[in-house]
Amino acid sequence: MSKYFGGCDVGSTYTKTVILDESGKIVSTNTIRSKMNSEESAKAGLNQAISELGLSSLKELAYIIGTGYGRNKVPQAVENISEISCHAMGVHVTDPNVKAIIDIGGQDVKGISIDVDGTVKAFAMNDKCAAGTGRFFENMANAFELSLPEFSDLSLTAKNVIPITAQCTVFAESEIITLVGEGKPREEIAAGIQLAVAKRCFVMAKKAGAVDSITLTGGCAKNEGLKKAIEKVLKLKVINLKTDPQIMGALGAAEYARQKGLAREA
Amino acid sequence: MKDLKHLYYFEQLLEDANNQLVRQGKEEGKLALGYTCFHMPEVLLNLDNCFSLRLRAPKTGSMDIATYYMSNYTCEFCRAILERSIEGGFNFLDALLAVDACAQMNRCVENVEIQNLIDKEKFFVSHVDVPYKVDDSAITHYVQQIKLKVMDKLSENYGVDISDKSIRKAVEEHNALCRIITEIGNYRKEDNPRITGYEFHILTLISYACPRYLVMEKLTETLEELKTRECDDKKQFRAKVVMVGSEMDDPEFTKIIEESGALVVADRYCFGSFPGREEIILNDTEDVLMQVCRQYLVDSLCPRYMSTEKIDERRANVDYLFREFNADGVIYEQIKFCDYWGYERVLSGYVVNKDYGHPILSIDRPYMAKASGQLRTRIQAFVESLEIKKINKAKEGKKK
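As you go down the protein sequences, you meet chains A and B in turn.
Residue numbers for the first sequence follow the working numbering, so the first one is 1 and each next one is one higher.
Residue numbers for the second sequence follow the working numbering, so the first one is 1 and each next one is one higher.
Hints may contain errors.
Unchecked claim - Below are the DSSO-like pairs computed for lysine-lysine, each with C-alpha atoms no more than 27 Å apart in a straight line: (1) 398/B - 121/A; (2) 237/A - 159/A; (3) 393/B - 121/A; (4) 260/A - 43/A; (5) 3/A - 206/A; (6) 207/A - 354/B; (7) 189/B - 165/B; (8) 260/A - 218/B; (9) 73/A - 218/B; (10) 121/A - 169/B; (11) 206/A - 354/B; (12) 121/A - 122/B; (13) 189/B - 218/B; (14) 235/B - 121/A; (15) 255/B - 206/A; (16) 169/B - 26/B; (17) 389/B - 260/A; (18) 336/B - 206/A; (19) 255/B - 73/A; (20) 2/B - 26/B; (21) 234/B - 260/A.
Claimed, not checked - So, partial list: chain A residues that the calculated Cβ filter (under 10 Å) puts toward chain B: (22) 12; (23) 13; (24) 68; (25) 69; (26) 78; (27) 82; (28) 83; (29) 107; (30) 108; (31) 115; (32) 117; (33) 120; (34) 123; (35) 125; (36) 211; (37) 213.
Claimed, not checked - Per label pair, the in silico range of CB-to-CB distance: (38) 316/B - 32/A: 50 to 56 Å; (39) 355/B - 168/A: 47 to 53 Å; (40) 145/A - 61/B: 47 to 53 Å.
Derived by calculation from the structure, the hints in this document are not laboratory data.
Glycine included, every Cβ here is placed at the ideal spot set by N, Cα and C.
Using the sequences provided together with the hints, build the complete structure.
Okay, here's the thing in structure tokens:
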């Protein structure tokens, strides 16, 4: 009978689940909107993942690891590991050539440099402030009355960039409303927002000692406009991962679960 | 581990600056002398009928009024003390003995004084000038300041006995307290320590924030209890850390660190035991006040001192604590907007890692940590990296 290993990343906005088989191949994955209750989010994600495999109970998974801000609420989890370690491992198993990560989640932004074995070499992380996080982008897109992909596409059409001075999410929103009211080109304002966040990512990446071979993870990694802005400020090309960058935390958790589960049996 | 018998009682005491024991001390006719910094020699505030209280602001909510007077970009500890002063939280004090050690606390204490926030007939505020160098002339100046602005004022205003005999008695009592705290603290050197960093933080805070003559008995009982306390077979931590940094009187912060897997085995911060709980050994030949003052200046590890020897001494001290307490890493913490630790945290955090090879986590924090998800994540990730290092080190050892 096949053995499966689960990783569940309970983020502030999305809950991501990955199930691996013994060889480390992804056999099931899903991303759902997080609920108020972290345990319910994790349960929903894991149950959906195991049902796709034809399993009926979480107990049928050999080892589960929780990660993300709700990591200690994942049902049946043997242990929890910080999302910093899990993102490093997830990226490492996806592409061992990547040496550094900029992870932009719903409520935080992190710079992580990865060691040769997929463990964390160094990291930097924002404090409580939501500036430059996924929540920030949601607010900005809302101010434009656009979805996140529409907002990203809009920024890519800009010929010039209008700098956004406010770092605070609340003040930035106010600044943007003022700029829109003044009739400034919306695409240039959007590009200014992307640049402001890219600069924040620059700080985190540098603090973590990132030099080259950088990739993006987290929900905001899908924001093409942000990716371009980061490439501009870091003056290097961001590596595209062949697997969904949003599930890297869950994948890393599942990989740790696989390694630990197999080691336990041995 | 079984809970310490008096821990809950101590935790309750820390919920209010004017706690049950402070009120008892006042009812017994003692003088409550508040201070805010290591550079105000605590032992001298315990002369005769006085007891010292290192001020904390545990009931602080919004700091809007203090922010109005001191601006946003100032240390939250200083603002919290001012806010609570404005709210009447320190009205029980008979004097506030401050030092010109940092500009932000100066502004706080000036506000207390100028706004007449503690309106009592004999109440006074002192600003003692603390030198930035530690040599003979600086010590002489410091002694003069202490004599003029603390000792003489206590004597004139309240008739406090400031004689050498009285100082020697206070030193003896201080040393008795230090011996208890040190003996308790030494248990943190054990492989599986019988006391947590959180518990030790509580005990140390109690020794600063309560009349010492009223806590000695329970602290002694706690020491006796610890002598036979049995640890859980399985270690309740994943790594040991030395905590180094600025003002820290929030035991919840230590709890967050320990819940994230790091046991705090050495406390090198303001309100910690290093420095602060070292005995003062007096000789019979020199002036007593001079000896006391000299020890406080020499022992200080505050980053306000920018001479090379003091900077090197601070880094060497971190290395000493790391080795002495068998730590795996060092957490440099800094309360937001602390001028001195803003530099020290960044520079020494880098140098201690580079020169001594100790893993470092560097964080800034608000006055009250409360529940911070980001903080927990950072500490847990640090703990995980320490674990990996230990595993890799063990693997390398096996290979050899």
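Structure-based check of each hint:
no. : hint                      : result
1   : 398/B - 121/A             : holds (23 Å)
2   : 237/A - 159/A             : holds (20 Å)
3   : 393/B - 121/A             : holds (15 Å)
4   : 260/A - 43/A              : holds (21 Å)
5   : 3/A - 206/A               : violated (40 Å)
6   : 207/A - 354/B             : holds (15 Å)
7   : 189/B - 165/B             : violated (36 Å)
8   : 260/A - 218/B             : violated (46 Å)
9   : 73/A - 218/B              : violated (38 Å)
10  : 121/A - 169/B             : violated (53 Å)
11  : 206/A - 354/B             : holds (17 Å)
12  : 121/A - 122/B             : violated (59 Å)
13  : 189/B - 218/B             : holds (23 Å)
14  : 235/B - 121/A             : holds (26 Å)
15  : 255/B - 206/A             : violated (30 Å)
16  : 169/B - 26/B              : holds (21 Å)
17  : 389/B - 260/A             : holds (17 Å)
18  : 336/B - 206/A             : holds (21 Å)
19  : 255/B - 73/A              : holds (19 Å)
20  : 2/B - 26/B                : violated (34 Å)
21  : 234/B - 260/A             : holds (19 Å)
22  : 12                        : holds (8 Å)
23  : 13                        : violated (13 Å)
24  : 68                        : holds (9 Å)
25  : 69                        : holds (5 Å)
26  : 78                        : violated (15 Å)
27  : 82                        : holds (4 Å)
28  : 83                        : holds (6 Å)
29  : 107                       : holds (7 Å)
30  : 108                       : holds (6 Å)
31  : 115                       : holds (8 Å)
32  : 117                       : holds (8 Å)
33  : 120                       : holds (5 Å)
34  : 123                       : holds (6 Å)
35  : 125                       : holds (5 Å)
36  : 211                       : violated (17 Å)
37  : 213                       : violated (20 Å)
38  : 316/B - 32/A: 50 to 56 Å  : holds (53 Å)
39  : 355/B - 168/A: 47 to 53 Å : violated (38 Å)
40  : 145/A - 61/B: 47 to 53 Å  : violated (37 Å)
Hint check: violations occur at hints 5, 7, 8, 9, 10, 12, 15, 20, 23, 26, 36, 37, 39, 40; the rest are consistent with the structure.
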